[in-house]
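Undergrad: Residues per chain are reported as follows:
Number of protein chains: 2
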Amino acid sequence: METADRLFYEAGYEHTSFGSIAEAVGLSRGNFYHHFKAKDDILTAVVERRTEQTRAMLAAWAAATPAPRARLAQFAQMMQRNSAAIRQHGCPVGTLCTELAKLEHPAQAHANGLFRLFRDWLAEQFAALGFAPPDAERHAMHLLARSQGIATLAQAFDDHTFIDTEVAALQQWLRGLRPPRTTP
Amino acid sequence: METADRLFYEAGYEHTSFGSIAEAVGLSRGNFYHHFKAKDDILTAVVERRTEQTRAMLAAWAAATPAPRARLAQFAQMMQRNSAAIRQHGCPVGTLCTELAKLEHPAQAHANGLFRLFRDWLAEQFAALGFAPPDAERHAMHLLARSQGIATLAQAFDDHTFIDTEVAALQQWLRGLRPPRTTP
DNA sequence: GTCTATAGATTGATAGAC
DNA sequence: GTCTATCAATCTATAGAC
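If you read the sequences in order, they're chains G and F. Our numbering puts the first residue of the first sequence at 1, with every later residue one more than the last. Our numbering puts the first residue of the second sequence at 1001, with every later residue one more than the last.
Check the hints yourself; a few may be wrong.
Which bits of chain G does chain F cover? Going by a derived footprint, with three or more residues having C-beta under 8 Å, they are [unchecked claim]: (1) 7-14; (2) 36-49; (3) 89-96; (4) 143-154; (5) 162-176.
Lysine to aspartate or glutamate pairs mimicking DMTMM-like chemistry, simulated, CA-CA at most 25 Å apart [stated by the list, open to error]: (6) K1037(F) with E1104(F); (7) K39(G) with E1010(F); (8) K39(G) with E1014(F); (9) K37(G) with D5(G); (10) K1039(F) with E104(G); (11) K1039(F) with E14(G); (12) K39(G) with E14(G); (13) K1039(F) with E10(G); (14) K39(G) with E1104(F).
For the record, the hints were derived by calculation from the structure and aren't laboratory data. Ideal Cβ placement from N, Cα and C applies to all residues, glycine included.
With the hints as extra help, turn the sequences into a complete structure.
TA: What follows is the structure in structure tokens.
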């Protein structure tokens, strides 16, 4: 599953054949079908696995960083940590969801759940900063969209300074963001 | 070529078979090979065609709109005009470049030229607003990235209000953007 | 659990008749 | 220019021996 995840990310889901995954883990195709009945099943398992890993990562961020503003900053920094991979293969979530949409694949909604995971977690942080639910969600979607755009262009232009520049702009936006005064 | 362009956009390049294009235009596969020697040749032709159309579109915008700030606004409005298609299939440029990158396709650089076309045109407008070349290009990349992120998330969440909200935010950013004072 | 063998379908591409 | 026929490769999936 780890290998399948990597291959799907690097070469795309459709372009990654059943046999190439089996070969990469040193199994025959026949044996591989013993573990996964169909190719779609691997995709389901990979998305499931990513969902769990994402949940764990967000929980770890929340545990390590109490302040909501610092948590949001941590999300932005993720792009710098994964800079090399993003420039080569884009965002793992964005590129997968985009591909599945083109294929009209049944697992589309499942994969989109990864986006919802991030959106909801980000919205929680904005809410903790004092934003009302609709504003918190709007900011979460904005931050998520910014990150997607950064990943797409960083890959197309293979620019190693672009991610840094844009993340810095994001951090500045986060620092300057002030929730509306709450009327007591 | 028009049909191929549409099919590549809707279903992706690899997922669109040679035969399906031939069938869509009412030709046999054999006859289609008379016009295009290989599948990659259609892709090249499609990118070429899009490049020319994009050039023409940008020139038309420049001709119809003299003020650089209004030209930038026109770029942002494009996403609202194509809202339905974007929500279904994403950005035609972004999704194609992303797919070709995963396939390690030779036409990758060619397709990325579409992004460069937009970036350079946008940078020209920012330069006309009074920004120095590095700042103009930075703003161009920023605007392009924002548009890509909006397209990706609008598709994943199939949200028809999201594009409007984000484009409004872009327009506000453009309106408030002031070039640095030039020292005489 | 692991393998080989193979079915069945699709696809990219070619050959050659008309 | 257009077609049918066909090749060769690839890929998903199954069957069955060990």
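Undergrad: Taking the hints in turn, state whether each one holds.
TA: Hints, one by one, checked against the model:
1. With 4 residues carrying a beta carbon less than 8 Å from a beta carbon of chain F, the segment 7-14 of chain G meets the three-residue requirement, and the given coverage holds.
2. By the rule of at least three residues with a Cβ nearer than 8 Å to a Cβ of chain F, the coverage given for the segment 36-49 of chain G is violated, with 0 such residues.
3. Coverage of the segment 89-96 of chain G by chain F holds [criterion: at least 3 residues with CB-CB distance below 8 Å; count 4].
4. Counting residues of the segment 143-154 of chain G whose C-beta lies closer than 8 Å to any C-beta of chain F gives 9; at least three are required, and the coverage claim holds.
5. Counting residues of the segment 162-176 of chain G whose C-beta lies closer than 8 Å to any C-beta of chain F gives 4; at least three are required, and the coverage claim holds.
6. Among the hinted pairs, K1037(F) with E1104(F) is consistent with the structure: their alpha-carbon atoms are about 21 Å apart, no more than 25 Å.
7. In summary, the hint linking K39(G) to E1010(F) is supported, as the alpha carbons are separated by about 23 Å, within the 25 Å threshold.
8. Proposed proximity of K39(G) and E1014(F) is supported: the alpha carbons are some 17 Å apart, at most 25 Å.
9. Between K37(G) and D5(G) the CA atoms are separated by roughly 17 Å; this keeps the pair inside 25 Å, and the hint holds.
10. Restraint check for K1039(F) and E104(G): the C-alpha separation of about 22 Å stays at or below 25 Å, so the hint holds.
11. For a cut-off of 25 Å, the pair hint linking K1039(F) to E14(G) stands: about 17 Å separates their Cα positions.
12. In summary, the hint linking K39(G) to E14(G) is supported, as the alpha carbons are separated by about 10 Å, within the 25 Å threshold.
13. Using a Cα cut-off of 25 Å, the hinted pair K1039(F) and E10(G) holds, with the two alpha carbons roughly 23 Å apart.
14. Under the criterion of a C-alpha separation no larger than 25 Å, the hint pairing K39(G) with E1104(F) is consistent with the structure, at around 22 Å.
In this structure, the one hint that does not hold is number 2.
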